[in-house]
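Convert by adding 890 to the 1-based position in the sequence shown; the result is the number in our numbering.
Warning: the hint list may mix true and false statements.
Calculated lysine-lysine pairs in the DSBU-like style (CA-CA distance at most 30 Å, straight line) [as the list claims (entries may be wrong)]: (1) LYS1121 / LYS996; (2) LYS1121 / LYS1080; (3) LYS1080 / LYS1119.
Label-pair distances were calculated between CB atoms; the ranges are [unchecked claim]: (4) THR916 / GLY1073: 40 to 48 Å; (5) GLU908 / ARG1039: 20 to 28 Å; (6) ALA1024 / GLY1069: 16 to 24 Å; (7) GLY1055 / PRO1113: 34 to 42 Å; (8) VAL1070 / ARG922: 15 to 23 Å; (9) VAL1059 / GLY1083: 22 to 30 Å; (10) ILE1081 / ARG909: 17 to 25 Å; (11) PRO1105 / GLU948: 13 to 21 Å; (12) GLN951 / ASP1063: 30 to 38 Å; (13) GLY1055 / ARG909: 17 to 25 Å; (14) GLY1014 / GLN1068: 18 to 26 Å; (15) ASN1027 / ALA952: 17 to 25 Å.
No lab work stands behind these hints: they were computed from the structure.
Please read all numbers here as calculations on a predicted model, not as lab measurements.
Ideal Cβ positions, reconstructed from N, Cα and C, are used throughout, including at glycine.
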Amino acid sequence: MSMHTASASWNALRSQTERAMDSEPTLADVFRQAIIEQPDFGCALAHRVGRTLADTPEQQQALAERFAGIHRQAPELTDSAWRDLQAIVSRDPAFDTALEVFLFSKGFLALQAYRIGHHLHGQGERLLAMFIQARCNERLAIDINPTSRIGSGIMLDHGTSIVIGETAVVGDDVSILQGVTLGGTGAGAKILGNIEIGEGAKVGAGSIVLHPVQPHTTVVGNPARQVGKPKHARPALDMDQSFDEQG
891 MSMHTASASW NALRSQTERA MDSEPTLADV FRQAIIEQPD FGCALAHRVG
941 RTLADTPEQQ QALAERFAGI HRQAPELTDS AWRDLQAIVS RDPAFDTALE
991 VFLFSKGFLA LQAYRIGHHL HGQGERLLAM FIQARCNERL AIDINPTSRI
1041 GSGIMLDHGT SIVIGETAVV GDDVSILQGV TLGGTGAGAK ILGNIEIGEG
1091 AKVGAGSIVL HPVQPHTTVV GNPARQVGKP KHARPALDMD QSFDEQG
């Protein structure tokens, strides 16, 4: 995004905010702190993410200042955020304006926190990156590993229970709904009833298990059926989530 386009987009967002202050004065302080008092979009993002992750006003200020510095250092983060914002406005009927997305979309917020964490992890700052991931999981119920690779123009619709693992790669212009796991093949399984899962067994992602699973077998599907045997006697210890050939 060119500097001219970014400036025009920021001015449009500020104009939406000024109109909102007139129409909904109850939220005037929210609008003022989130947009009006911020010098640019990168600082507004930094403030928004810092406020969500912090426990105290002092920590909020420290995080916001650090994140604003990252946005100045890596302007591509701001460009990606604009594309995410526009994607949500155009695709999600729950939001009418960019201001609504900026203030109320937790999927958008989690993405911008991830982008900061991904940049930090790439700079070798693992602890702060993991702090961001953990707080997003705690506060927003969205868990994105900072080493995953995510493009721009992304919409996380609703967002709750989205898990994007370290091996995941998400391209540009992707929409993901709630409850989606990327990067693992053992997620989302359901065991229904008084059912025994035998020692050393594996249950594939999304499987619905209605009957006991024999020891050292792999089951997948709805209803779950046996498809093979694990390569290892204790698959829970090595976390090999690949499917197994019939043997």
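Evaluated hints:
Only pairs whose Cα atoms come within 30 Å are accepted, and LYS1121 paired with LYS996 is rejected, the gap being roughly 40 Å. Simply put, LYS1121 and LYS1080 have alpha-carbon atoms about 23 Å apart, close enough for the 30 Å limit, and the pair holds. The straight-line distance between the Cα atoms of LYS1080 and LYS1119 is roughly 20 Å, inside the 30 Å bound, and the hint therefore holds. For THR916 and GLY1073, the hinted distance range of 40 to 48 Å is satisfied, since their beta carbons lie about 42 Å from each other.
About 37 Å separates the C-beta atoms of GLU908 and ARG1039, a value inconsistent with the hinted range of 20 to 28 Å. Evaluation of the 16 to 24 Å hint for ALA1024 and GLY1069 yields a pass: the beta carbon distance comes to about 20 Å. Taking 34 to 42 Å as the suggested C-beta distance range, the pair GLY1055 and PRO1113 does not conform, at roughly 27 Å. A hinted range of 15 to 23 Å is violated for the C-beta pair VAL1070 and ARG922, which are about 36 Å apart.
Evaluation of the 22 to 30 Å hint for VAL1059 and GLY1083 yields a failure: the beta carbon distance comes to about 37 Å. The given range of 17 to 25 Å is broken by ILE1081 and ARG909, whose C-beta atoms sit roughly 52 Å from each other. Under the hint 13 to 21 Å, the C-beta atoms of PRO1105 and GLU948, about 54 Å apart, miss the expected range. Our hint of 30 to 38 Å for GLN951 and ASP1063 holds, since their Cβ atoms are close to 35 Å apart.
Roughly 41 Å separates the CB atoms of GLY1055 and ARG909, a value that falls outside the hinted 17 to 25 Å. Between GLY1014 and GLN1068, the C-beta spacing of about 33 Å breaks the proposed range 18 to 26 Å. Here the CB-CB span from ASN1027 to ALA952 is close to 21 Å, well matched to the stated 17 to 25 Å.
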